[in-house]
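Student: Dock chain B against the given chain A, drawing on the hints supplied.
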Amino acid sequence: MPKDSIKNRLITTVVIAQLLLAAGLVVTGVYYTHRRLVSALDTSLEGRAMSTAALVRYSEEKPPKLFFDADLARAGLDKEHPDLYEVTTDDGKVLARPANGAEEIPGKQRAKRGHWNFKIGGVPYRALVLHHVPILDREGDEPPASLEIVYATPMVAVNQQVRAAGIFIAVTSLLLLAITVVLALWGIRRGLLPLQHLVDRAALVSAENWEFAPPQEAQDVAELEPLTQAMTTMVDRLHGSFMQQREFLGNAAHELKTPVAILKSTLQSLMQRPRSSEEYRVGLEESLEDLERLERLLQWMLRLARAEQWAHGALRRDLELVDVAGTCEEAIERLRGLAQSRHATIHLASEGAAMLRADPEDLQLVWVNLLENAVRYSPEGAAVEVSVSRNNGGPARVVFEDHGAGIPPEDLPHIFDRFYRSDPSRTRSTGGFGLGLAIAKALVEAYGGTISAASTPGEGTRMTVELPVSTG
Amino acid sequence: MRVLIVEDERRLAENIARSLRESASYAVDVALDGEEGLFMAESNPYDLLILDLMLPRVDGLQLLNRIRQAGRDTPVLVLTARDEKESVVKLLNAGADDYLTKPFDLGELLARSKALVRRGKGKAAPRFKVGDLEINTLDHSVRRGDRAVTLTAMEYRVLEYLAHRPGAIVSKTELLEHLYDYNWEKFSNVIEVYISGLRRKLDNGSSRQLIHTVRGQGYILQDQDA
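So the sequences go chain by chain: A and B. Just so you know, we're using this note's numbering here: the first sequence kicks off at 1 and counts up by one. Just so you know, we're using this note's numbering here: the second sequence kicks off at 1 and counts up by one.
Hints in this document: simulated from the structure, not taken from any laboratory. It cannot be assumed that every hint is accurate.
Said to hold, decoys possible - Computed cross-link-like contacts, BS3-like style, restricted to lysine-lysine with a CA-CA straight-line distance of at most 27 Å:
hint : chain 1 : residue 1 : chain 2 : residue 2
1    : A       : K264      : B       : K85
2    : B       : K90       : B       : K114
3    : B       : K114      : A       : K257
4    : B       : K90       : A       : K257
Isolated chain A, as found in the complex (with noise of 0.2 Å):
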């Protein structure tokens, strides 16, 4: 299907004006001129009857005659088509026949005065009657009389001019038209020109260069400039996207070649020279958990770009109503074993219930990852605080608090990014990838909420989730 060209629509919508602007010029130039040549000819009718009038005579013979003296006539002007008239007298006398032999002008009896239009043998006449002149040549002693005058004369000069006029004005317009059409070809062009330098630039835009930055031909114009401003955002949205992706995906690539090495290491150091069997036990069980850190860390990177993907709003609605507390005794159920373990206790506070649509799994990762954060940066027996409240209508809000050595001030606006350790070599030991934080952030933003962190070295952090409760 051939593309849909701005360049040829208008270039057609100025051909369709110009033409009918042609065949109107045209209609109402011959309708004009028409009128004022027949208007013309009729003057010249009335003159030539009145002079045909004249030549009416009264003999020199008692008692005077009426006669008409026909060798006076004018022939008039068209000398193939002669001028045709009929003089009666009101009684009936007729004193002039039409010279072409006829009995009478056609069409007297329709037109009874004025003018009429009529044809012989093909060629146009346009005819006059006038009704009771008085005969001029008269010396009073004469009977008064009056006469009938029907004067024709033929239409082709009249038609002729018409049909040349007609086609003058329809040349010139179309003349006028060739020149409209290259004229409008020049100007849809040079106004087109700051679209295409707009597109020139747009195509330099690449994944190594993100520099955008409109031609000015192109800011001056009225039109394009909400193009030019949706192209700008829309590349500087693109840039920052791409640049988190491949930031990401820089930061993975280097988590992973670390366990990657390790693996490889393990098994080479197994293959360097024979071992008993008891060593290549102990070294492929070794593999088998350097392997399963990996697929920890998969499981950690998949589950990021997940929650990452629903924070682009791509977050499934079809949700069952959850209470946020529930979810956060579940969360505190799944860590009893680290508290346990660091025997660290953890307080659940909740007043008023909080509901919101959710996966309840998405929430308890949210929590394990806060919790678990908590209770790793606590001393041995310190107590984490968790509270889940509402204020009055506002969104939920659920505060994790403990009192660990909290986190320095210049780690505090970086926790949240992707693989961030403030101290690799404490996080690694206990298992951490540096993401956690980042997937509960994800996640947060995901169901619309923010997560916040303040914290006093040597006091502990606290950390503050609020989300938007649903009202339906």
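Tutor: Frame of chain A; chain B shown alone:
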């Protein structure tokens, strides 16, 4: 030869250490963070440093800068998970001698380690001679003239160290420091055992003695009388 591995992944450090001990007969110390690594590097004479870049407390690049500023020219092999050009250039410019990106091949790590140790001792070839004594550091084989000499692992280590410094007096402490890891002091009496073993095996049937004792100072490996 004595190597320090500074690597926070315990398993990786252990694998490298085992491989260096078994295949290169090196004495290996392991530090699991930058602070410990820096302390050990500053307080022991290592023949090679294997350094992870991402370390807790003191990171690899800082550690490298510190020991280079302190004037130590121990060869340094850096392990890194990043292989972008900029970070490699930065590393080498900071005084690293070589680098490997994770995940690396253990065999390659061994070969590069040996090469760095050789270079650190001013030797390029993996086989070299002192008089008619020929030492191959690749397969740890030793020949005196056209006779193959079979040594125990420890005897070989003592000989290799002495052979890397021909004509120089090597004290018993220096030998201990370079041949054993951090708890070398308890081995102080065994050096004489290895030296006498070496003498017996190397000089057996030869007219010239290669290992000489400088009384009160140490040992010297050379093809002439001390």
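Student: For each hint, tell me whether it holds in the structure or not.
Tutor: Checked hints:
{"no.": "1", "hint": "A:K264 - B:K85", "result": "holds (24 Å)"}
{"no.": "2", "hint": "B:K90 - B:K114", "result": "holds (24 Å)"}
{"no.": "3", "hint": "B:K114 - A:K257", "result": "holds (24 Å)"}
{"no.": "4", "hint": "B:K90 - A:K257", "result": "holds (21 Å)"}
Violated hints for the displayed structure: none, as all numbered hints are satisfied.
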